[in-house]
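Novice: If you want the building blocks of each chain, they are given just below.
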Amino acid sequence: MHWRRLLREPLVHFLLAGGVLFGLSALFGQSFGVGDNSNRIEVTADRIQQLRETWTRQRGAPPTQRELDSLIEDFIREEVLYREAIASGLDQGDTIVRRRLAQKVEFLAQSVASTVEPSDAELQAFFDDNAERYRIPEKVSFSHVYFSGSNRGAGAEAAARDALARLTSGDVATADAAQLGDRFMLQYEYPPQSRDQVRDLFGPRFAGRLFELPVDAWSGPVPSSYGMHVVRVRQRVPSRLPALGEVRSQLARDLGGERLRSAADAYYEGLRRRFEIVVDADALAGGAAGN
Amino acid sequence: MPRPPFRMKGRAGLAARWLPLIGVGLLAACGGSAPEAPAAEDSPPPAAATPAAAVAEPERNTLRNAYFGDFHVHSRWSLDSYVLGGNRDDPLLAYRFGRGEEVTKADGTVHQLRVPLDFMAVTDHDTWLGKVHLCEDESDPAYQTPTCEQMRANDWFGTGAFEGRGRRSPDICGQLEATMDAGNKCYERARHLWQDIQRNADAFYEPGVFTTFPAYEWTATPARYGHLHRNVIFRGDAVPEWGGGAVEMENRPERLWEWLEAACTGDCQVVAIPHNPNLSGGLAFDEFGWTPFTTEMLRLRAWAEPLVEIHQIKGNSECYRGLGTTDEDCNFENYYPVCEPGQRSGCAHAPDFVRNALKSGLRLEADFGVNPFKFGFIASPDDHQSLPGATDEDEFTDKAVKFSTGGGLPLIGRDLGWDEKADGGNISNPGGLVGVWAEANTRESIFDALRRRETFGNSGTRIHLRFFAGWGYPADLDTRRDMVEAAYAGGVPMGGDLPDPPGGEAGDGPSFVVWAMKDPYSANLQKVQIVKGWADADGQTAEQVYDVACADGLQPDPGTHRCADNGAQVNLSDCSYSTDLGAAELSTTWTDPDFDPALRAFYYVRVLENPTCRWTTHRALARGVALPPSDPPTVKERAWSSPIWYTPAAP
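Chains as they are written, first to last, in the numbering used here: chain B, 169 to 459; chain L, 942 to 1592.
Bear in mind the hints are in silico, worked out from the structure with no lab data behind them.
According to the in silico footprint, chain L covers these stretches of chain B (three or more CB under 8 Å from chain L): (1) 307–321; (2) 352–363; (3) 391–399.
We put the CB at the ideal spot given by N, CA and C, even for glycine.
Work out the full structure, taking the sequences as your base and the hints as a guide.
Specialist: Structure below.
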């Protein structure tokens, strides 16, 4: 297996995540001064440089020797108090500290997963597994003649029936159909539209009927949120699965999200297996019942 | 496009934005040739794939279609969204939501729009852009500063709101003054994010299907006053280099206009859209205290700002009963109480309302030869949770969308208890949408509609609204089949200027054609009104509201110009409403009975629906609690057309 491909393997992600976490804990262990050196505080050259830079950035000029001494003294003071806080267990039971540390670990697991881009083959595999999510719905293109419910009241339906008869008999040519009805705020002819699109424009009743109508014939009256319509479905485009290229960017976004979730979950599951977890079932049941 | 020189190597900084970002980030590196595991970047390069649907040129309708959009939404890139809203979702999630995808926010909640938007722009705050980003970048020393720690802990006061009111953030930006120098890290970071904003907009643009614009919110908040914010929307990918935010421009809108005029040249086109004049402390349509009205300045202002946002979550800005009007329909989602004598901020000033601004624009035009307040209307939500276009009163409940206002104002609707309302009066509404009449759903067509002000705003329901004026329209034009064609041919649409009358004789005045159609998901229409404002020779301004088309056979009283109420009801126990009253569509061809050819005037349309439940009522029902006592239980959703102006012919 080529080493680049190796980088895409979930197992490798997992191991990488573990490695980084190990490094993190080593790093934290050192800077927190816990562990073997718990009674030793070392102000290293790096630390002094960091203090100096922070000061310079905030004040616009480097610290004087006196100011630097004071910075170091402050750092030591904070470190001493911090270690005492840890030693006294003050970090325990603090929800904010707990949550923050838990988040740091979770983010770490995710960030490792997020750095690896999916190959074409992986996109294809993800697409194959989730194809229905990307299905392009059935669409119809249609023309219609409108009879305003507001202006014609109950007469709208009769007018629509009359128009339908004239169109069906050939008395009026399809090209002149629109002249039989009222002016309409939306379009008279629509290119292929999905059921949802039609529903958002004409209301649910119209959308429901439209998709049952025969192709290339005048039908109606079909009620909408606005009045009555005589409708001619021009074309019915069956539902289909898109080619990968048509949904590639959405696919990549979805796969990325999926990977982050599964990386976080897998990492968590791995950690969780190391614990024996005991929940007081009686208290739980009692709490639920008492609620 | 050049890559930003910085990379996010951080842990929390990166992973916190994991969900929406990662996909596009993954795409970026397709080819897989990076020898080391590549560091993911905060902002992705554009999605490589162009949707297949975009290949064909979208069909154009010369009579124009209505498209609905949102020009005001914030993501985690905005400090107030991040800290006050606790929002951890970025602009990409906003675009995905806007185009209709089901999205899962970082807090685990799942959201989907009932009706996808046709177009949108994400308008993150300029002022904090670089700083928010630096505060999340673990590779940058700013990350360790207490200010950034507090930001990440959602501590608004701990951030000092990032010195938004003119103070600087040397601890984050690396130097004392927030200048545009290359050495200023915040400015540099904002410059790169501006490129990311463009890339994000480009990546989601599908001509004919979903149109996106590069944009940001210019966030001037001068000390002691309300705000002077503007959303800056560019027509396409010809945009200037980042020119600094409101703080760098000393919170002076004229510097924004001057910069746009100087920098947005060639193919670049732009509009700046002021919003929330209702919160501007009397300044919105003023000289700001430092920009005296001159012909030159007013001309620049009129060029830069052809539109105003008339409605959003932080209240309505059309009008306020008692402040220059007695119109009872102005009692609608007003935010602040009326100012007490001597009170400057936190209250409603008469000059801050759009109808009054239109009137003062007529007066200024007489004095200076240019009308700086010749505004077309838009509306938007100003959501701060990366969820654009979610304007339904009931979804506002169902999704428990959290809003925040920023600027030190109390939170709106954030896990709202009714006590908050009693305490702070801070509840507003779900906001509205922008409507445009455009030939196609493309950047070019929609932007051109903005420029000619062929726009309308609404309070969140998708009422369709046409409005034209011309000389000598036939009296039945509104019912004729060729109405739209004839109205365009013989007059001007909403947002336009009436031409001089033929032969120079205004006679009985122009005729107006108005036509409105209901939202299939909302109540029937109750009435269509025309709001007229005018200025006389002495500079005195006045207004009159005319009911011009009322449902259920009602006719306006000749004295009051108002129709009786149609009696439509709402059942407050389940929010069902009258479906037998009101109309699916209303239209009329109208002439002004009080037309005076010697006076400058404007006319705009307001459409009112039958009443429906306000979001507070939906929410109370869902929670099984009592209605908030101080809020109206119902609202009349509405739409406003841009005005049409009449100017007497020069003698």
